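K.L.:
With the sequences and hints as input, model every part of the structure.
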Amino acid sequence: LGAWANQAPAIVMNVQRQPGANIIATADSIRQMLPQLTESLPKSVKVTVLSDRTTNIRASVRDTQFELMLAIALVVMIIYLFLRNIPATIIPGVAVPLSLIGTFAVMVFLDFSINNLTLMALTIATGFVVDDAIVVIENISRYIEKGEKPLAAALKGAGEIGFTIISLTFSLIAVQIPLLFMGDIVGRLFREFAVTLAVAILISAVVSLTLTPMMCARMLSQQSLRKQNRFSRACERMFDRVIASYGRGLAKVLNHPWLTLSVAFATLLLSVMLWIVIPKGFFPVQDNGIIQGTLQAPQSSSYASMAQRQRQVAERILQDPAVQSLTTFVGVDGANPTLNSARLQINLKPLDARDDRVQQVISRLQTAVATIPGVALYLQPTQDLTIDTQVSRTQYQFTLQATTLDALSHWVPKLQNALQSLPQLSEVSSDWQDRGLAAWVNVDRDSASRLGISMADVDNALYNAFGQRLISTIYTQANQYRVVLEHNTASTPGLAALETIRLTSRDGGTVPLSAIARIEQRFAPLSINHLDQFPVTTFSFNVPEGYSLGDAVQAILDTEKTLALPADITTQFQGSTLAFQAALGSTVWLIVAAVVAMYIVLGVLYESFIHPITILSTLPTAGVGALLALIIAGSELDIIAIIGIILLIGIVKKNAIMMIDFALAAEREQGMSPRDAIFQACLLRFRPILMTTLAALLGALPLMLSTGVGAELRRPLGIAMVGGLLVSQVLTLFTTPVIYLLFDRLSLYVKSRFPRHKEEA
1 LGAWANQAPA IVMNVQRQPG ANIIATADSI RQMLPQLTES LPKSVKVTVL
51 SDRTTNIRAS VRDTQFELML AIALVVMIIY LFLRNIPATI IPGVAVPLSL
101 IGTFAVMVFL DFSINNLTLM ALTIATGFVV DDAIVVIENI SRYIEKGEKP
151 LAAALKGAGE IGFTIISLTF SLIAVQIPLL FMGDIVGRLF REFAVTLAVA
201 ILISAVVSLT LTPMMCARML SQQSLRKQNR FSRACERMFD RVIASYGRGL
251 AKVLNHPWLT LSVAFATLLL SVMLWIVIPK GFFPVQDNGI IQGTLQAPQS
301 SSYASMAQRQ RQVAERILQD PAVQSLTTFV GVDGANPTLN SARLQINLKP
351 LDARDDRVQQ VISRLQTAVA TIPGVALYLQ PTQDLTIDTQ VSRTQYQFTL
401 QATTLDALSH WVPKLQNALQ SLPQLSEVSS DWQDRGLAAW VNVDRDSASR
451 LGISMADVDN ALYNAFGQRL ISTIYTQANQ YRVVLEHNTA STPGLAALET
501 IRLTSRDGGT VPLSAIARIE QRFAPLSINH LDQFPVTTFS FNVPEGYSLG
551 DAVQAILDTE KTLALPADIT TQFQGSTLAF QAALGSTVWL IVAAVVAMYI
601 VLGVLYESFI HPITILSTLP TAGVGALLAL IIAGSELDII AIIGIILLIG
651 IVKKNAIMMI DFALAAEREQ GMSPRDAIFQ ACLLRFRPIL MTTLAALLGA
701 LPLMLSTGVG AELRRPLGIA MVGGLLVSQV LTLFTTPVIY LLFDRLSLYV
751 KSRFPRHKEE A
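In this note's numbering, the protein residues as written are 1 to 761.
A hint or two may mislead.
Cross-link-like lysine-lysine pairs, in silico, PhoX-like; alpha carbons within 25 Å at most [what the hints assert, rightly or not]: (1) K561 to K414; (2) K146 to K156; (3) K414 to K46.
For each label pair, taking beta carbons as the anchor points, the in silico distance ranges come out as [what the hints assert, rightly or not]: (4) N479 to D532: 44 to 50 Å; (5) M273 to R31: 49 to 55 Å; (6) M33 to Q533: 42 to 48 Å; (7) T38 to R518: 54 to 60 Å; (8) D111 to E315: 46 to 52 Å; (9) A567 to N417: 17 to 23 Å; (10) P321 to P493: 35 to 41 Å; (11) G603 to A567: 46 to 52 Å; (12) Q65 to L563: 49 to 55 Å; (13) M273 to R218: 51 to 57 Å; (14) Q65 to K43: 26 to 32 Å.
Hints listed in this document are in silico derivations from the structure and should not be mistaken for laboratory results. Since the structure is predicted, the reported quantities are computational estimates derived from the model, not experimental observations. Just so it is clear, CB atoms sit at the ideal spot from N, CA and C, and this is done for glycine as well.
P.N.:
Shown next, in the form of structure tokens:
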């Protein structure tokens, strides 16, 4: 095994952290030790850090921290824009740091770390944790503006809105329950995300029901709320006009309920259609500045020829302006089972120091190396989130397994040719290598016996020449050197080296090996892989631009049916592709579980079967918005985007909860008709609905617009949430009141047909 750092021979040490150890602390400790270790080495030995994964991790964390602070600033700005009062802005603004600090405490207790997923959860939580405080302070300030004293207004407003806060909080936490109990690898990856977000939401509810009313009673007054400047008066007039326009539009919608219901039904159908047609993927491909590659040469290649090819490839790669360093390995080891393969790790310059993203660099490098004869270069960017446990040439794997080697050798080329013709796949290759060159020594046992040469003598002679037999060890004061017996293959390469081997006969003379054996060259497999004790070959492939992993998987399945593989041939996806299939199959059930969990929680809180359905009727609008946004942005429906859609299930029902709570209270306490009650509730709750939606939207906006290291992982979550919030905000303000009245009439009809039916609508 040989290694090169850039183009110089080197000893490369890969340092991995122990399970549970902090990777940042581990890297810092190693860098602190390097000067001391360097001093103990000879002056001719140079120690260099070729690759440090923590550099990208630190940059990604810094970018996410910036997005978190930006989200906090945007949310506070929205609060001030609506309340136009500094004390009133400070009160919900305090909920953000308190909720985040409390979440940090729970994270420490649960032994969580600050990573991409937990920081992403905290960024999203920024828009969530102020929602409850906004609803409370808006309701309290409304009573203060009517002339009530701050303390009385705080008690009355908080008491009136308390049930709404509880409904909002527990229904939103209920959405996280399916994520917590996902049993596959995806569930284990996102458990910290779900727990972090749920804890932040729960703490914010406690803050909103305790600290927020107290601060309102102490910091707000009629004078402070009524004190306005020119900007405040202009904003107030604008909001009044918007509310008046909404009221006129809502009145028209309530007069044409069936048209509105048809729109709601159309969004449901559209969400199903978009779900079917949108490209589906697993995890977004990140640009973290590291490319891993495999260099493939003809199966008859020797170590010397591979080393020569490696030097040619390294020269081309290092000429690229985006490349910072290169590490290459040639030879057989645990990750590289054959001599005709070499492994590469290409470290790119920091993202802000290069013009191209990683996929563009990969295309450029493959084009540069393509002109070198006899080599094929496979490259893929390394990922922070991955479930693959084996080194592969490309990102995705697919295995073909047979009961016999003959059956496998018959079907491998057929399937490989079929896969290579698919436009949904690129860089298709397999690890089936049955054209390696082998030297066969056929000993004439009769001739050997006449000369007194045994098979053990032949075996020892071959091992002495080519087996690197250890014959001695030379010890010095500073070191020890092993003496290895080896044939000089440089002067007689190939099969000619076997003809120079001599054996000792019975009479003490020497006999050439060719006198008692026939030496010939044949084809032989370089390696035979097994899975569950049966021979198997692995096909590796990438997905070209313009296609998704879902397209590739379906194309492979269709090809299997076309080829009509026999019963003794089995196929299976491996690694990320297998996990993608499992995740795709469970995604629909995951969303259904989230909806059912929220329905159960709302049913318990409202003691009704009908009102939870009214609240959940807002979900299709969020799905349409999220899927449309992903399609427009050219993003796939991957695991990150699905997490965003699940979070939307918990967010968009806030509009309906706030409307329905106030409508039910108006019916019970003021004796209003359902139509008048829901109309008044929509107008009274319009401002907090708009505030909470914009807060959640602006909390997700930095994720959608992120461009730094690891931004590809966060962006689908932001896109799905922003798109879903925009569409649902517009539609649910009109569809929810109509559906509320529809179910109210349905409840009255059921009661009239079944007088014993006691269900409270």
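K.L.:
Run every hint past the structure and note whether it holds.
P.N.:
Structure-based check of each hint:
Distance check on the hinted pair: K561 and K414 sit about 13 Å apart at the alpha-carbon level, within 25 Å; holds. Distance check on the hinted pair: K146 and K156 sit about 13 Å apart at the alpha-carbon level, within 25 Å; holds. About 50 Å separates the Cα atoms of K414 and K46, which puts this hinted pair outside 25 Å; it is violated. Remark: the range hint 44 to 50 Å for N479 to D532 is upheld by a beta-carbon distance near 46 Å.
About 54 Å separates the C-beta atoms of M273 and R31, a value consistent with the hinted range of 49 to 55 Å. Separation of M33 from Q533 is about 45 Å and conforms to the stated range, judged on CB atoms against 42 to 48 Å. A hinted range of 54 to 60 Å for the beta carbons of T38 and R518 is consistent with their spacing of about 56 Å. Between D111 and E315, the C-beta spacing of about 47 Å keeps the proposed range 46 to 52 Å intact.
The hinted range of 17 to 23 Å is satisfied by A567 and N417, whose Cβ atoms lie roughly 22 Å apart. Distance hint check for P321 and P493: the Cβ-Cβ separation is about 39 Å, which falls inside the suggested range of 35 to 41 Å. Between G603 and A567 the beta carbons are some 50 Å apart, a value that agrees with the proposed interval 46 to 52 Å. The beta-carbon spacing between Q65 and L563, approximately 52 Å, falls within the hinted interval of 49 to 55 Å.
Hint check: M273 to R218, Cβ distance near 53 Å, so the stated range 51 to 57 Å holds. In this structure the hint that Q65 and K43 lie 26 to 32 Å apart at CB is violated, the actual value being about 42 Å.
Violated hints, in rising order: 3, 14; the structure is consistent with all others.
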